[in-house]
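> What follows is each chain in one-letter form.
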Amino acid sequence: MIYLDNSATTHPLPEVLESYQKVADQYYANPSSVHRFGSEAERLLQHSRNQAAHLLGVDPQEVIFTSGGTEGNNMAIKGIAFMHQDRGKHLITSKIEHPSVMEAYRALESLGFEVSYIDVDRNGIVDPKKIVEAIREDTILVSIMSVNNELGTVQPVQEIGNILRKYPKLFFHVDHVQGLGKINLPIKGSGIDLCTISGHKIHGLKGTGALIVQKNVSLFPLLHGGSQEIEVRAGTENLPGTVAFVKALRLNLETQQQSLEELKSLRKTLWNELSKIDELVINSPEDSAPHIINFSIPGYKPEVVIHDLGEKDIFISTKSACSSKQPDVSAVLKACNLDRSRTTSALRVSLSYHNTEDEILTFIDALKDTIKKLQPTMGR
Amino acid sequence: MKFDQIMVRYGEMALKGKNRKAFEQRLKHNLSIKLKAFPNTKITKTRGRMYILLNGEDPHEVMAECQEVFGIHSLSFAVKVEKTEEQLKEAVLLAFHDAKDARTFKISSKRTDKDFPIQSADLNPLLGGHILRNTDGAKVDVHHPDVEIKVEVRHDAAYVTAQDYPGAGGLPVGTTGKSLLMLSGGIDSPVSGYLTMKRGVEIEAIHFHSPPYTSDRAKQKVIDLAKELSRFGKSIKIHVVPFTAVQQKIHREMPAGYSMTIMRRMMMRISERIAQKQGILSLTTGESLGQVASQTMESMNTINEVTNYPIIRPLVSMDKLEIIDISRKIGTYDISIRPYEDCCTVFVPKAPKTKPTRENANYYESSADFSEDINRAVAETYTIEVNASNSDQESNEFSDLL
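Those protein sequences? They're chains A and B, same order as listed.
Per full-length UniProt numbering: the first sequence = residues 1 to 380.
Per full-length UniProt numbering: the second sequence = residues 1 to 402.
The set of hints was computed from the structure by calculation and includes no laboratory data.
Glycine included, every Cβ here is placed at the ideal spot set by N, Cα and C.
Hints may contain errors.
Unchecked claim - Simulated crosslink set (DSS-like; lysine-lysine; CA at most 27 Å straight-line):
no.	chain 1	residue 1	chain 2	residue 2
1	B	Lys42	B	Lys150
2	A	Lys215	B	Lys139
3	A	Lys130	B	Lys139
4	B	Lys150	A	Lys215
5	B	Lys100	A	Lys188
Stated by the list, open to error - Stretch-level coverage of chain A by chain B, calculated; a stretch enters the list once three of its residues show a Cβ under 8 Å from a Cβ in chain B:
no.	region
6	43-52
7	87-97
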């Protein structure tokens, strides 16, 4: 099997699964229980939080464990909007955000908030100046993703953060789910108030992740109940998942340090090989994140291409998994002003640190074969 | 271009006359402990200043660490550049952009190297003009600038110094002796320790542990608090006193109204003994007048009777809210509010005497002999040492899981 859909999810590492199982088996006490067994679970949770904070360069009390990217994004966006609506009801985001950001903003619109959706350029990049132009007296939140999940475009998040510092009344939220472990983004010092990360994109488990919330930023909780996670997220902590997530985080950041250049060169090989195929046009910018390439085969229905590759045990995707069940056009590519023949025929290959050059070359051969095979019915 | 050094200015320390050298030595030592995590940094000393050469380490991360070191009045980033117009322009722009919220600036140039072709008076408008051209909304204000950028053209090179960052003030920890901090786990005592350290005092902590009335979580709280405090000095020893037997005896044999007063007196006696053993000459507490029953004038007088060691009480005149502000600032608040029983809450009588007297306390104590219990508590006291830098690695028990 050749798995090239790592932006959808990743294969959990054996070490991570091992941690999960051990914790679920040996530390099943409720961290909030008063007894010693509970206190051990609580200490393990605290250690996980300390380690996550240490790895991310933030303070332990700034780490709120969540069930993943969607929860983190919703918690940040709705949490700020509900908490600070008396300051203003205007919000800003871009046109190429992940559905968990986009739909959260749409939901807020239905509650009387006003949202400015910022245009992107041909490569999917947000111009910081356009954000500044959109800022009003009553703006309370800006959300920009660090790496686009469909294109791999890297946004100038640090530049935007530095500009937004001059507006102390608004908060800056970054969806860093695709960027974590692939690009360097120091959360501290980049003007970021809230930052979403997820476990299953870095070889952890589904249902794990964190929202980093800078001190002095208050949120309206999505979940009320107990006083877990500084009273922002009630509910008994998912200790096995959390420990597994933090372990995956450590392993991933270590791998990033050692193998980022290899991943970049793998993507370069992929890029070079893809650009040799005449029927195909690459949509991602050349200097994007090191793990994503998006391309279109105009005239070819992406789903059919995927199924044919699937027959050969090779797995890639159309746009993002989270929006792939919606028909036809990729909203992200449309926002980049690509023509319809491309927005309706886009495919995404997403790599992990565990892919090899052999796999890439096998995939290329298979793709060529598929294109040839489907040509009689589609390629025109 | 990046900042390549941090300039350190002393505060009060500069006034120390003959002892100044020792103060400087200690500051340098304390800084070097703090900068262990940045192995490439190097500290150099010149007349009345220190410089931290960054050698590639992240300027802002190093700055954040240095800001926690007592004895420093203020710090600035600086960059050493070649004596060319281009390099100087780039450096002043860097300095201005680093000052995040600054809109107005002033450039103060000095030219020690008289061979440098541009005169100081011409350098200011030249470099200022470069900032104005390259920054939206920047303005010159020579009287009250948000940031003053200093440029010095010397013989070896030119130096550009950016905005001031505040230091922690006070005196370098270790220059004014040692004190034994009575650390309960509440909000006050860590703040008290912090303020004592600010005056250059090295701290050891003493904690009274009464299992099963108080849990390991309460003890862990104290360990975590000491870790936070150790950020401002070096490692901290915590002397953990097994206090259960003494407390039970007080509860059993002393009148309820006086049990709190007498418990405090026992703590004082034990603390003094531990201090003596460690060669420590004073005790520090988090007492603040009027806060609780044990902190009335009468209580303090009665409790204080059993020791003639100086007791440092930095919080004595502070309001609770001021104390909470500091505890948030130094990172102890969130630990202090963890809700576990401690030895001051379990045995609290319904109606503690707010106006105890020495006579009564002595009278009640004379009816039971505590000396054996105190001896045993002192003998069984054990010591834990914590420091901030090992906090994440220190306990290996979970390392296979994480």
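> Check the structure against each numbered hint from earlier and tell me which ones fail, lowest number first.
Hints 2, 4, 7 not satisfied by this model.
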